[in-house]
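Colleague: Just so we're aligned, residue 1 is where the sequence shown starts under UniProt numbering, counting upward by one.
A couple of the hints might just be wrong.
Within a straight-line C-alpha distance of at most 20 Å, the following computed PhoX-like cross-link-like pairs (lysine-lysine) qualify [to be verified]:
no.	residue 1	residue 2
1	LYS147	LYS125
2	LYS147	LYS89
3	LYS30	LYS89
4	LYS147	LYS163
5	LYS92	LYS103
6	LYS89	LYS125
7	LYS141	LYS30
8	LYS69	LYS30
9	LYS141	LYS69
10	LYS163	LYS122
11	LYS69	LYS125
The set of hints was computed from the structure by calculation and includes no laboratory data.
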Amino acid sequence: MQEEKEFIASLLNPQTQNQAFQELLREYQKPLYNHIRNIVLSHDDADDVLQNTFVKVFQNLKNFKGESKLFSWMYRIATNEALTFLNQKARKSGISSVELQNKAIDNLKADVYFEGDEIQIKLQKAIAELPEKQQLVFKMKYFEDLKYEEISEILGTSVGALKASYHHAVKKIEAFVTSN
(Lines of atoms letter the chains of each structure in order from A; the text may use other names.)
(Lines give C-alpha, C1' and ligand atoms only; values in the text may rest on other atoms or scores of the structure.)
Protein backbone atom coordinates (compact mmCIF):
# COMPACT_ATOMS: atom_id res chain seq x y z
CA MET A 1 0.00 0.00 0.00
CA GLN A 2 2.90 2.34 0.74
CA GLU A 3 4.27 1.58 -2.72
CA GLU A 4 0.96 2.65 -4.28
CA LYS A 5 0.95 5.91 -2.30
CA GLU A 6 4.45 6.66 -3.57
CA PHE A 7 3.37 5.88 -7.12
CA ILE A 8 0.36 8.20 -6.81
CA ALA A 9 2.65 10.91 -5.43
CA SER A 10 4.86 10.52 -8.51
CA LEU A 11 1.76 10.80 -10.72
CA LEU A 12 0.87 14.08 -9.02
CA ASN A 13 4.40 15.52 -9.03
CA PRO A 14 4.92 17.65 -12.18
CA GLN A 15 8.57 16.54 -12.37
CA THR A 16 7.79 12.80 -12.42
CA GLN A 17 4.26 12.89 -13.79
CA ASN A 18 4.99 11.98 -17.44
CA GLN A 19 7.16 9.01 -16.60
CA ALA A 20 4.72 7.78 -13.95
CA PHE A 21 1.77 8.13 -16.32
CA GLN A 22 3.64 6.10 -18.97
CA GLU A 23 4.13 3.40 -16.35
CA LEU A 24 0.43 3.58 -15.46
CA LEU A 25 -0.44 3.12 -19.15
CA ARG A 26 1.90 0.14 -19.49
CA GLU A 27 0.45 -1.50 -16.39
CA TYR A 28 -3.27 -0.90 -16.93
CA GLN A 29 -3.87 -0.31 -20.64
CA LYS A 30 -4.44 -3.97 -21.53
CA PRO A 31 -6.60 -5.01 -18.54
CA LEU A 32 -8.71 -1.85 -18.84
CA TYR A 33 -9.10 -2.37 -22.59
CA ASN A 34 -10.27 -5.95 -21.97
CA HIS A 35 -12.70 -4.77 -19.28
CA ILE A 36 -14.13 -2.06 -21.53
CA ARG A 37 -14.26 -4.41 -24.53
CA ASN A 38 -16.30 -6.89 -22.46
CA ILE A 39 -18.85 -4.12 -21.88
CA VAL A 40 -18.99 -2.34 -25.27
CA LEU A 41 -18.04 -5.42 -27.39
CA SER A 42 -16.64 -3.38 -30.32
CA HIS A 43 -12.87 -2.97 -30.64
CA ASP A 44 -13.12 0.58 -32.04
CA ASP A 45 -15.56 1.65 -29.34
CA ALA A 46 -13.35 0.06 -26.67
CA ASP A 47 -10.37 2.05 -27.94
CA ASP A 48 -12.38 5.29 -27.76
CA VAL A 49 -13.67 4.55 -24.27
CA LEU A 50 -10.18 3.52 -23.10
CA GLN A 51 -8.79 6.85 -24.29
CA ASN A 52 -11.58 8.72 -22.48
CA THR A 53 -10.90 6.65 -19.37
CA PHE A 54 -7.23 7.58 -19.24
CA VAL A 55 -8.08 11.25 -19.85
CA LYS A 56 -10.52 11.10 -16.89
CA VAL A 57 -7.95 9.29 -14.73
CA PHE A 58 -5.33 11.94 -15.53
CA GLN A 59 -7.76 14.82 -14.91
CA ASN A 60 -9.05 13.38 -11.63
CA LEU A 61 -5.91 11.95 -10.03
CA LYS A 62 -5.70 14.93 -7.70
CA ASN A 63 -9.17 13.93 -6.37
CA PHE A 64 -8.19 10.30 -5.72
CA LYS A 65 -8.52 9.87 -1.95
CA GLY A 66 -6.86 6.46 -1.67
CA GLU A 67 -9.92 4.91 0.00
CA SER A 68 -9.74 2.12 -2.57
CA LYS A 69 -6.92 0.72 -4.63
CA LEU A 70 -5.87 2.72 -7.68
CA PHE A 71 -6.80 -0.34 -9.77
CA SER A 72 -10.38 -0.32 -8.41
CA TRP A 73 -10.75 3.43 -8.87
CA MET A 74 -9.60 3.22 -12.50
CA TYR A 75 -11.88 0.24 -13.18
CA ARG A 76 -14.81 2.20 -11.77
CA ILE A 77 -14.01 5.09 -14.12
CA ALA A 78 -13.66 2.66 -17.06
CA THR A 79 -16.97 0.98 -16.17
CA ASN A 80 -18.80 4.30 -15.90
CA GLU A 81 -17.25 5.55 -19.15
CA ALA A 82 -18.26 2.36 -20.98
CA LEU A 83 -21.84 2.45 -19.67
CA THR A 84 -22.18 6.16 -20.45
CA PHE A 85 -20.81 5.55 -23.94
CA LEU A 86 -23.35 2.77 -24.58
CA ASN A 87 -26.26 4.83 -23.28
CA GLN A 88 -25.27 7.83 -25.41
CA LYS A 89 -24.78 5.66 -28.50
CA ALA A 90 -28.19 4.03 -28.00
CA ARG A 91 -29.85 7.42 -27.48
CA LYS A 92 -28.20 8.86 -30.62
CA SER A 93 -29.30 5.82 -32.62
CA GLY A 94 -32.84 6.05 -31.25
CA ILE A 95 -32.79 2.47 -29.98
CA SER A 96 -32.72 0.80 -26.57
CA SER A 97 -29.47 -0.28 -24.99
CA VAL A 98 -30.57 -3.93 -25.37
CA GLU A 99 -31.09 -3.41 -29.13
CA LEU A 100 -27.69 -1.71 -29.32
CA GLN A 101 -26.08 -4.68 -27.56
CA ASN A 102 -27.74 -7.14 -29.91
CA LYS A 103 -26.45 -5.16 -32.92
CA ALA A 104 -22.95 -5.22 -31.41
CA ILE A 105 -23.20 -8.99 -30.89
CA ASP A 106 -24.29 -9.46 -34.52
CA ASN A 107 -21.27 -7.37 -35.61
CA LEU A 108 -18.84 -9.55 -33.64
CA LYS A 109 -18.66 -12.12 -36.43
CA ALA A 110 -17.20 -9.50 -38.78
CA ASP A 111 -14.84 -8.07 -36.13
CA VAL A 112 -11.25 -9.11 -36.92
CA TYR A 113 -10.35 -8.65 -33.23
CA PHE A 114 -13.03 -11.11 -32.05
CA GLU A 115 -11.58 -14.59 -31.54
CA GLY A 116 -14.75 -16.38 -30.49
CA ASP A 117 -16.98 -18.90 -32.20
CA GLU A 118 -20.74 -19.57 -32.35
CA ILE A 119 -20.77 -20.64 -28.70
CA GLN A 120 -19.18 -17.31 -27.70
CA ILE A 121 -21.82 -15.46 -29.75
CA LYS A 122 -24.58 -17.44 -28.00
CA LEU A 123 -22.99 -16.63 -24.62
CA GLN A 124 -22.90 -12.93 -25.52
CA LYS A 125 -26.60 -13.07 -26.51
CA ALA A 126 -27.43 -14.73 -23.19
CA ILE A 127 -25.47 -12.07 -21.29
CA ALA A 128 -27.28 -9.31 -23.20
CA GLU A 129 -30.57 -10.60 -21.75
CA LEU A 130 -29.37 -9.97 -18.18
CA PRO A 131 -30.00 -6.76 -16.22
CA GLU A 132 -27.05 -4.34 -16.42
CA LYS A 133 -25.71 -5.07 -12.91
CA GLN A 134 -25.77 -8.84 -13.48
CA GLN A 135 -24.02 -8.35 -16.83
CA LEU A 136 -21.23 -6.38 -15.19
CA VAL A 137 -20.80 -8.83 -12.33
CA PHE A 138 -20.83 -11.84 -14.66
CA LYS A 139 -18.35 -10.33 -17.12
CA MET A 140 -15.97 -9.18 -14.38
CA LYS A 141 -16.05 -12.58 -12.67
CA TYR A 142 -16.22 -14.90 -15.69
CA PHE A 143 -14.11 -13.13 -18.33
CA GLU A 144 -11.73 -11.10 -16.17
CA ASP A 145 -11.51 -13.50 -13.23
CA LEU A 146 -11.71 -10.66 -10.71
CA LYS A 147 -12.25 -11.53 -7.05
CA TYR A 148 -15.56 -10.58 -5.46
CA GLU A 149 -13.70 -8.17 -3.16
CA GLU A 150 -12.26 -6.35 -6.20
CA ILE A 151 -15.64 -6.22 -7.93
CA SER A 152 -17.14 -4.94 -4.68
CA GLU A 153 -14.67 -2.03 -4.62
CA ILE A 154 -15.25 -1.25 -8.30
CA LEU A 155 -19.06 -1.37 -8.22
CA GLY A 156 -19.59 -0.25 -4.63
CA THR A 157 -21.73 -3.30 -3.84
CA SER A 158 -21.41 -5.82 -1.01
CA VAL A 159 -19.69 -9.13 -1.68
CA GLY A 160 -22.85 -11.00 -0.68
CA ALA A 161 -24.97 -9.08 -3.19
CA LEU A 162 -22.36 -9.70 -5.90
CA LYS A 163 -22.34 -13.43 -5.22
CA ALA A 164 -26.14 -13.48 -5.46
CA SER A 165 -26.04 -11.45 -8.71
CA TYR A 166 -23.46 -13.80 -10.20
CA HIS A 167 -25.45 -16.88 -9.16
CA HIS A 168 -28.66 -15.47 -10.72
CA ALA A 169 -26.76 -14.49 -13.88
CA VAL A 170 -25.32 -18.00 -14.27
CA LYS A 171 -28.77 -19.58 -13.84
CA LYS A 172 -30.30 -17.23 -16.45
CA ILE A 173 -27.45 -17.85 -18.88
CA GLU A 174 -27.75 -21.62 -18.46
CA ALA A 175 -31.50 -21.38 -19.11
CA PHE A 176 -30.94 -19.23 -22.22
CA VAL A 177 -28.26 -21.51 -23.65
CA THR A 178 -30.29 -24.69 -23.15
CA SER A 179 -33.49 -23.19 -24.60
CA ASN A 180 -31.86 -21.62 -27.68
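Colleague: Look at each hint and say if it fits the structure.
Modeller: Here is what the structure says about each hint:
{"no.": "1", "hint": "LYS147 to LYS125", "result": "violated, 24 Å"}
{"no.": "2", "hint": "LYS147 to LYS89", "result": "violated, 30 Å"}
{"no.": "3", "hint": "LYS30 to LYS89", "result": "violated, 24 Å"}
{"no.": "4", "hint": "LYS147 to LYS163", "result": "holds, 10 Å"}
{"no.": "5", "hint": "LYS92 to LYS103", "result": "holds, 14 Å"}
{"no.": "6", "hint": "LYS89 to LYS125", "result": "holds, 19 Å"}
{"no.": "7", "hint": "LYS141 to LYS30", "result": "holds, 17 Å"}
{"no.": "8", "hint": "LYS69 to LYS30", "result": "holds, 18 Å"}
{"no.": "9", "hint": "LYS141 to LYS69", "result": "holds, 18 Å"}
{"no.": "10", "hint": "LYS163 to LYS122", "result": "violated, 23 Å"}
{"no.": "11", "hint": "LYS69 to LYS125", "result": "violated, 32 Å"}
Hint check: violations occur at hints 1, 2, 3, 10, 11; the rest are consistent with the structure.
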